[in-house]
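Sequences are here, hints too, so could you generate the full structure?
Residue numbers (our numbering), protein chains in the order written: chain A, 3 to 328; chain B, 44 to 483; chain C, 5 to 258.
Because the hints were derived from the structure by calculation, they are not lab data.
Since no wrong hints were added, every one of them can be taken at face value.
Now the stretches of chain B that chain C is said to cover, found in silico as 3 or more residues with beta-carbon under 8 Å: (1) 150-160; (2) 177-185.
If we take Cβ atoms under 10 Å as the criterion, some of the chain B residues that face chain C in the derived model are: (3) Ala171; (4) Arg242; (5) Asp244; (6) Glu245; (7) Glu327.
Since this is a predicted model, take the numbers as computed values, not measurements.
Yeah, the Cβ is synthetic: ideal placement off N, Cα and C, and Gly gets one too.
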Amino acid sequence: MSTLLTYISVNNGKIKRSSLEVLSRCNELAQQHNLISAAIIIDKNASEIAEKLKAYGPSVIYIIENPVFNNHLNTPLLKALSLAIEKIKPKIVAFASTESTKDILGALAANRGAASLADVSEFELSGTGVKAKRPVMASKIISSVEANDSLVLLTVRSGSYDVSTQQADSNIEEIPFSFNDDELKITLKEIISASGDKIDLSEAETVIAAGRGVKDEEGRKLVEELASVLKAGIGASRALTEAGVYDPSLQIGQTGKVVSPQLYIGIGISGAIQHVSGMANSKVIVAINKDPDAPIFDIADYGIVGDLYKVLPPFIEELKKVKSEK
Amino acid sequence: MDEKFDCIIVGAGVAGLAAAMILARNNLKFLLIEKGDFPGSKNVSGGVLWGSDLAKLVPNYWDEDAGWDRFINHRRLTFMDNQSAFSVDFKSSHFNETPYTGVVVLRSKFDRWLAGKVQEAIDASEYAMDSFIAPNILVEEILMENGNAVGIRTGEDRFYSDSVIIAEGVNNLLTRQVGLQDTYVPADHILTGIKEIIRFDERVLEDRFQLNGRSGMSNEFVGFSTDGVEGGGFLYTNKNTISLGLVLGLKDLREKEKAPYDILNTFKQHPVISDMIRGGEVVEYSAHVVSSGDKRIIPKRLCKGGLLVCGEAANLLMNSGKAIQGMDYAMRSGILAAEAIVNAKKTSDFGEASMQRYQAALEDSYIMKDINNFQDAVHLLHDPVMTQKVPNLLCDFGRNFFSIKNEPTRKARQMLGESVKKYSSYWELMKVGVKGAKAL
Amino acid sequence: MKFYVCIKQVPDVNAPLHIKDGELIQDADRNILNAYDASAIEAALVLREKHGGEIEVVLIGTDKAKETIRKALAMGADSGIFIQADTDVQFDSFSYAKILSTFFADKEYNFILCGKQSQDTDAGLTGSMLAGLLDLPYVTNAVGLEMTGNSLIVKRQGDAGQELIELPSPGLVTCSNDMNDPRIPNLKGIMQSKRKPVETIPVNDLPTDSTAIKTKILGYEVKPAREAGKKFDGEPDEIARQVARLLDEAENVV
Ligand SMILES: Cc1cc2nc3c(=O)[nH]c(=O)nc-3n(C[C@H](O)[C@H](O)[C@H](O)COP(=O)(O)OP(=O)(O)OC[C@H]3O[C@@H](n4cnc5c(N)ncnc54)[C@H](O)[C@@H]3O)c2cc1C
Ligand SMILES: Cc1cc2nc3c(=O)[nH]c(=O)nc-3n(C[C@H](O)[C@H](O)[C@H](O)COP(=O)(O)OP(=O)(O)OC[C@H]3O[C@@H](n4cnc5c(N)ncnc54)[C@H](O)[C@@H]3O)c2cc1C
Ligand SMILES: Nc1ncnc2c1ncn2[C@@H]1O[C@H](COP(=O)(O)O)[C@@H](O)[C@H]1O
Numbered sequence: 003m004s005t006l007l008t009y010i011s012v013n014n015g016k017i018k019r020s021s022l023e024v025l026s027r028c029n030e031l032a033q034q035h036n037l038i039s040a041a042i043i044i045d046k047n048a049s050e051i052a053e054k055l056k057a058y059g060p061s062v063i064y065i066i067e068n069p070v071f072n073n074h075l076n077t078p079l080l081k082a083l084s085l086a087i088e089k090i091k092p093k094i095v096a097f098a099s100t101e102s103t104k105d106i107l108g109a110l111a112a113n114r115g116a117a118s119l120a121d122v123s124e125f126e127l128s129g130t131g132v133k134a135k136r137p138v139m140a141s142k143i144i145s146s147v148e149a150n151d152s153l154v155l156l157t158v159r160s161g162s163y164d165v166s167t168q169q170a171d172s173n174i175e176e177i178p179f180s181f182n183d184d185e186l187k188i189t190l191k192e193i194i195s196a197s198g199d200k201i202d203l204s205e206a207e208t209v210i211a212a213g214r215g216v217k218d219e220e221g222r223k224l225v226e227e228l229a230s231v232l233k234a235g236i237g238a239s240r241a242l243t244e245a246g247v248y249d250p251s252l253q254i255g256q257t258g259k260v261v262s263p264q265l266y267i268g269i270g271i272s273g274a275i276q277h278v279s280g281m282a283n284s285k286v287i288v289a290i291n292k293d294p295d296a297p298i299f300d301i302a303d304y305g306i307v308g309d310l311y312k313v314l315p316p317f318i319e320e321l322k323k324v325k326s327e328k
Numbered sequence: 044m045d046e047k048f049d050c051i052i053v054g055a056g057v058a059g060l061a062a063a064m065i066l067a068r069n070n071l072k073f074l075l076i077e078k079g080d081f082p083g084s085k086n087v088s089g090g091v092l093w094g095s096d097l098a099k100l101v102p103n104y105w106d107e108d109a110g111w112d113r114f115i116n117h118r119r120l121t122f123m124d125n126q127s128a129f130s131v132d133f134k135s136s137h138f139n140e141t142p143y144t145g146v147v148v149l150r151s152k153f154d155r156w157l158a159g160k161v162q163e164a165i166d167a168s169e170y171a172m173d174s175f176i177a178p179n180i181l182v183e184e185i186l187m188e189n190g191n192a193v194g195i196r197t198g199e200d201r202f203y204s205d206s207v208i209i210a211e212g213v214n215n216l217l218t219r220q221v222g223l224q225d226t227y228v229p230a231d232h233i234l235t236g237i238k239e240i241i242r243f244d245e246r247v248l249e250d251r252f253q254l255n256g257r258s259g260m261s262n263e264f265v266g267f268s269t270d271g272v273e274g275g276g277f278l279y280t281n282k283n284t285i286s287l288g289l290v291l292g293l294k295d296l297r298e299k300e301k302a303p304y305d306i307l308n309t310f311k312q313h314p315v316i317s318d319m320i321r322g323g324e325v326v327e328y329s330a331h332v333v334s335s336g337d338k339r340i341i342p343k344r345l346c347k348g349g350l351l352v353c354g355e356a357a358n359l360l361m362n363s364g365k366a367i368q369g370m371d372y373a374m375r376s377g378i379l380a381a382e383a384i385v386n387a388k389k390t391s392d393f394g395e396a397s398m399q400r401y402q403a404a405l406e407d408s409y410i411m412k413d414i415n416n417f418q419d420a421v422h423l424l425h426d427p428v429m430t431q432k433v434p435n436l437l438c439d440f441g442r443n444f445f446s447i448k449n450e451p452t453r454k455a456r457q458m459l460g461e462s463v464k465k466y467s468s469y470w471e472l473m474k475v476g477v478k479g480a481k482a483l
Numbered sequence: 005m006k007f008y009v010c011i012k013q014v015p016d017v018n019a020p021l022h023i024k025d026g027e028l029i030q031d032a033d034r035n036i037l038n039a040y041d042a043s044a045i046e047a048a049l050v051l052r053e054k055h056g057g058e059i060e061v062v063l064i065g066t067d068k069a070k071e072t073i074r075k076a077l078a079m080g081a082d083s084g085i086f087i088q089a090d091t092d093v094q095f096d097s098f099s100y101a102k103i104l105s106t107f108f109a110d111k112e113y114n115f116i117l118c119g120k121q122s123q124d125t126d127a128g129l130t131g132s133m134l135a136g137l138l139d140l141p142y143v144t145n146a147v148g149l150e151m152t153g154n155s156l157i158v159k160r161q162g163d164a165g166q167e168l169i170e171l172p173s174p175g176l177v178t179c180s181n182d183m184n185d186p187r188i189p190n191l192k193g194i195m196q197s198k199r200k201p202v203e204t205i206p207v208n209d210l211p212t213d214s215t216a217i218k219t220k221i222l223g224y225e226v227k228p229a230r231e232a233g234k235k236f237d238g239e240p241d242e243i244a245r246q247v248a249r250l251l252d253e254a255e256n257v258v
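Spelled out as structure tokens, the structure:
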């Protein structure tokens, strides 16, 4: 029986929800097609994390544990994954789409002679490979693609599937791995702006996004206050990350992160397709913009036409009330 | 490479591209400069290029499936009130023969395609390495010496040439800068055009507008279409879209405090229009100033030493009610301007007298002849009797004439009389009628 | 220093498009230089200004893509390689990477710069595949580049924040458009670009096996459009409160 292998992304010792989404999908496919759903954790604390993963139902959990995985580096990760693929001979390896997995997808495919599909929003097994859907043209349309190869690697957009728990008697299997520092082809000098313990945008239930309309300290304060009332993650349009107002890791859109929260509130954002491409799958979209013709209103469920400086204070106040009534 | 050009053309719209084609064919060394990302990127037009000059620039263009959308063999002029439409409709297979007498074009596509053709002509010319089409560059100044144009400036860079053709379109800042156009142009001489491109399934479009292969229709509207503001409406069929829009008087808009977009929306809700656009998807919206065709704003002089102005930069345009003619004027005047430059090059004389040949050729062409002959039609179109009373009256008459009730029917003449009395008077109509007969 | 920049011509995603019988049709033939590649070129130009060197751009495409090489030359690249492809072959990232790797096999260079992804397909594969095939060290999603000695110090936007990575020569970088604002060619650049050398290599002269195309596009479909909801226009205080209530009562998302 061949294996569907899910790579588990770990962030500061925490499993990323998006990789659980992928695992849940693989579990489902394994059941349908009578295959094995396995997961692999490559981390310095892999064995610890494996225990937590059991609640999500993979039949086998492979672990590769090594201090070199403390930070993301493509050379050791590629080596580890190559090793695992050789051993497990999976039919597919599925990843949640993150900067780290996107970093190695192409090189791994090249090294293994495998087919690869990046950033899919849906996938299923076809007779000989994988069929998938991918948003293209800045997510204006969806393309159906097929990869027919004995090994298919794919990354999946966050928010594409629901996470299901399913306690399993997973076997944990360690794959021996060693790595010498002189194998490192590139060296990490420094991590500059760790966006560390802040709410991870791509996993947040509520996202507040600030755009060029948020002009000053006062505007940013309002955004922060709203975020704290709603316990939301703060993101931004490229106009503001480019200007250095918000950390670049907070950029939402084609170049930045894809978010699919329950609630997205865009503040002073025009709604250029490159931004919309990263947030159009949010469940409820609210937009605050003073220009009634701003394109973001074409996709907003609730469009507030008005000056954000006038709209936000009563909005925040009312939300506080709503919260306190609960 | 820093040496002089024979000519620098400012603006790669229809006029500039036409001029460039002639220069390239005649082996002149030139620069064609366009401020947009690519030729056509900033251009809006409703879309019928009338006449057959295009065939002169690109022989057998109809063999290509590129650039142009459809040829016109079906024309309709519609008078509307708020519920009805009374049309004069003419369709003839006579128009199916090449060269076509009118083709619908979408400018961003057409201009880009024509620029490709110009590039081919450059590549085949002696100056394949020295003539350029340069997009994304704004000409800020025409360099003048002793009353003659000697080049252009963009940013810090200056480029020199024996001659300059200004083909900058209706916002003619450079034409004003060199003193050929009054710096102030009254608002009642300017219109604003707005347009939507609405997409359909090609088969739906063909069925709905009775199109066959590449045939197309043009429809002009008078009356309710503009919600009481002077101007008119148009609808042209493109390949799988239609262009639907309005041309509205700026002054009247301002006085009546109306927004063009609102008027367009009302127009779209008219039962006749809404039936035509049902199921379509708006894929583009654009707005652009357009000249009124009033001769008073056409500069008296269109040349100086080494300098020519053509196309809508010279306000060459006619809106006679039955058609908007701007692109064909732009094309022909571009051709004439380039021919004057080719001649000047032969004699190495770019002085004002030599440039005058362009103005003479223009006066002699159908452009100035038509503009002179049809001024009254242009004014008539702005007459409220024409834009409101006539359409109302015609629709009222149509409603009576075409209603068949189970009661004695009156004579058409009687119905017309009642309609006339309701909306106007014979006397008023007679005035307009006489004006109209004279004008057309 | 010798830089190669891999560039691609892509359809302008801002141009209207539609789908007919599962096929993607662009209303206008509007193609542009991939924005991420423009950033890669800009990055190379800045490095060349500071440290000297030579920039060659490489593009695989059909004849109409040549204008994109001219654009790169007008921005300031020194020369171009045009790998001419047939119109009817549908390459995927892997086959592009394969063709590029055969081209680079016998070339000498310090760095290959790619765009982080294609604007139209958002695949983001070719760069790291090429690195894999050429066995080069690489960094993806670069948002800054500095040179020290023979190495590049690459600022990379990663999941955990920005990383500073040292990349030795020869190596490969994929560039984000967050790195810089690519210059718009000026008239002099446009004029010079015509005289810069562009070598044409038919793609069949770079033998790659037919199994290189690993993924196939089966068709396109319109993304179910999000309906515009309700627009609230009026007294800011009032509409703000109204929407806040609705988010709770109607949507249950706060
Ligand atoms: C290849 C490529 C990739 C890109 N990737 C991304 C990406 O990943 N993410 C991204 O965001 N962008 C991306 N962009 C850029 C994108 O095209 C837009 O330029 C950007 O999203 C604009 O940001 P904005 O909406 O904040 O600014 P603007 O477009 O300038 O809009 C500001 C809005 O604020 C409103 N406003 C101003 N003042 C107020 C006020 N007081 N109250 C209320 N409203 C106000 C204005 O009406 C306006 O609509 C990309 C572009 C390219 C070419
Ligand atoms: C809504 C609408 C509908 C119309 N319908 C029709 C129709 O059906 N039939 C018809 O024949 N006409 C129509 N017209 C009129 C027609 O579009 C114009 O008359 C015609 O485009 C004029 O051509 P042109 O080449 O003179 O100018 P344009 O087409 O305006 O071209 C001028 C070019 O110069 C460039 N430019 C300007 N300044 C500079 C500078 N300083 N440096 C560099 N480049 C510069 C501009 O970007 C532009 O590309 C319509 C117009 C409108 C607005
Ligand atoms: N046809 C091509 N010619 C040259 N480089 C290409 C080509 N296609 C892709 N690339 C490079 O790969 C990047 C995009 O990769 P991808 O997203 O996989 O298409 C581009 O930014 C280029 O640097």
